[in-house]
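First to last, the protein sequences are chains U and X.
Taking this note's numbering, the leading residue of the first sequence gets 1, the next gets one more, and so forth.
Taking this note's numbering, the leading residue of the second sequence gets 1, the next gets one more, and so forth.
Quick caveat, the hints were computed from the structure, so don't treat them as lab data.
Note that the Cβ used here is the ideal one computed from N, Cα and C, for glycine as well.
Among the hints, a few may not be true.
[Claimed, not checked] Restricting the straight-line Cα-Cα distance to at most 30 angstroms, the calculated cross-link-like pairs of lysine-lysine (DSBU-like) are: (1) X:256 x U:78; (2) U:78 x X:224; (3) X:218 x U:78; (4) X:269 x X:224.
[To be verified] Negatives, chain X to chain U, calculated, CB over 12 angstroms: (5) 38; (6) 39; (7) 46; (8) 47; (9) 90; (10) 171; (11) 261; (12) 315; (13) 324.
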Amino acid sequence: MTLPNIEQICQQLAHDLADYLQQQNIHNPLLVGIRTGGVWVAERLQSQLQLSDDATGVLDISFYRDDFTQHGLHPQVKGSELPESIEDRHIILVDDVIMSGRTIRAAMHELFDFGRPASITLVCLLDIGRRELPIQPDVCGTRLDLADGQLVKLGGPNPLTLTIA
Amino acid sequence: MTTHPSQVQLTEDGRLKHFLTTEGLSKALLTEILDTADSFISTQERGVKKVPLLRGKTVVNLFFENSTRTRSTFELAAKRLSADILNLDIAKSATAKGETLMDTLWNLEAMYSDMFVVRHADSGAAHFIAEQVTPNVAIINAGDGRHAHPTQAMLDMLTIRRHQHSIEGKVVAIVGDILHSRVARSQIHALRTLGAAEVRVIGPGTLLPRDIEALGAKPFYNMKDGLRDCDVVIMLRLQKERMNNALLPSESEFFKLYGLTTEKLAFAKPNAIVMHPGPINRGVEIESAVADGPQSVILHQVSYGIAVRMAVMSMAMSGQQTQATEEQA
């Protein structure tokens, strides 16, 4: 299959997100990328939406995964970096690929341990379906229909690349 | 046949499943413990200090020897990982009624315990339990006889890394009763593996083990020579019970020769840090002005102790879980 052009999707994603925030009347959002791919996508969105550096954060969900008992701890936990308070902030949660929805569940669990945000908007670059939880992105770059057993991987940060394995 | 503890504590693919000793562990694995602990420091600075990693797991603190600090930091570490923890004061319970150690452990295992944190006066106790008694329960050594106290050593490594930027290239002096110290032994192994430039031990000849050079540490018998150009000074607690068997003349004599005072600390580098595993005997091995002074990082060590224990507990549990999953497959 032909893979979509990532830079074009990022631009479209930034554009759609700006529209969405305007519709929802969200100002001064906090852009939070999920390690590792989500952080790269969040960086693109930050520069295209011209948000300041203090309007971003990083989430490492290793301590919140639900497959710890099967797969154990990820050997490279880097920790989360969020501002002092996320209380009453409008959070834009960014990930590269959404599949089962379990990463997003873990990410929301972790966010609530930092405080009570005003809202969470979910932004994903690619949606490859196969959902196992009732979680859907509010803004999505594109949908990819992969064959059974295929997975997509984002490489980066510069340039962003897509590979299918 | 017994296997060396450094083998017993690893899964087939080299991950931690027990934590018995720092001896024989790779630099990569020790660094992984420190990196994971660093992440747990940040989770503890939040309003909600708990993470759900060990939710539903049962940890038993098995302390056959008294301890307040180590036991309470293990308890907090388990709670901040969302595990349930049971504190057993073994000396006062079943074993006092004549139950053997093995029976006690098998009973605890039958209660679906997932991890034992063990402190025992006999060297090799944690290793024995991990290998011979309850191999499917993760064992964390919280101090065994004169042998090892690996979580204390790792929290010291984390302290050095955070306050002196790195362990590589640093000159570290350990001062006091090295002979009876499981902490010193574990520190020396970890410091050598993590690339310290020089590890020195300073104390009276009666309190330095004869084989210390074989471990990779250089003995010194006076503070002036031993502390020269040090980046890190680790004071050990003088165990007062040792006074009785003529290894030391008196507390005041010890303080005069080896007690850390502002004057003696001046022999080390100006930015040297002062550490102590606690509890400190003020006026015996360390002067209050130094213990409470700007170069002291003693209370940071306590905070890092929780993070390091969270790291090894989650890593060992993870190793046990993945091994169990593979065996089922």
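These are the hints, each one checked on the structure:
no.: 1; hint: X:256 x U:78; result: violated, 46 angstroms
no.: 2; hint: U:78 x X:224; result: violated, 41 angstroms
no.: 3; hint: X:218 x U:78; result: violated, 36 angstroms
no.: 4; hint: X:269 x X:224; result: holds, 12 angstroms
no.: 5; hint: 38; result: violated, 7 angstroms
no.: 6; hint: 39; result: violated, 4 angstroms
no.: 7; hint: 46; result: violated, 6 angstroms
no.: 8; hint: 47; result: violated, 7 angstroms
no.: 9; hint: 90; result: holds, 29 angstroms
no.: 10; hint: 171; result: holds, 30 angstroms
no.: 11; hint: 261; result: holds, 39 angstroms
no.: 12; hint: 315; result: violated, 6 angstroms
no.: 13; hint: 324; result: violated, 9 angstroms
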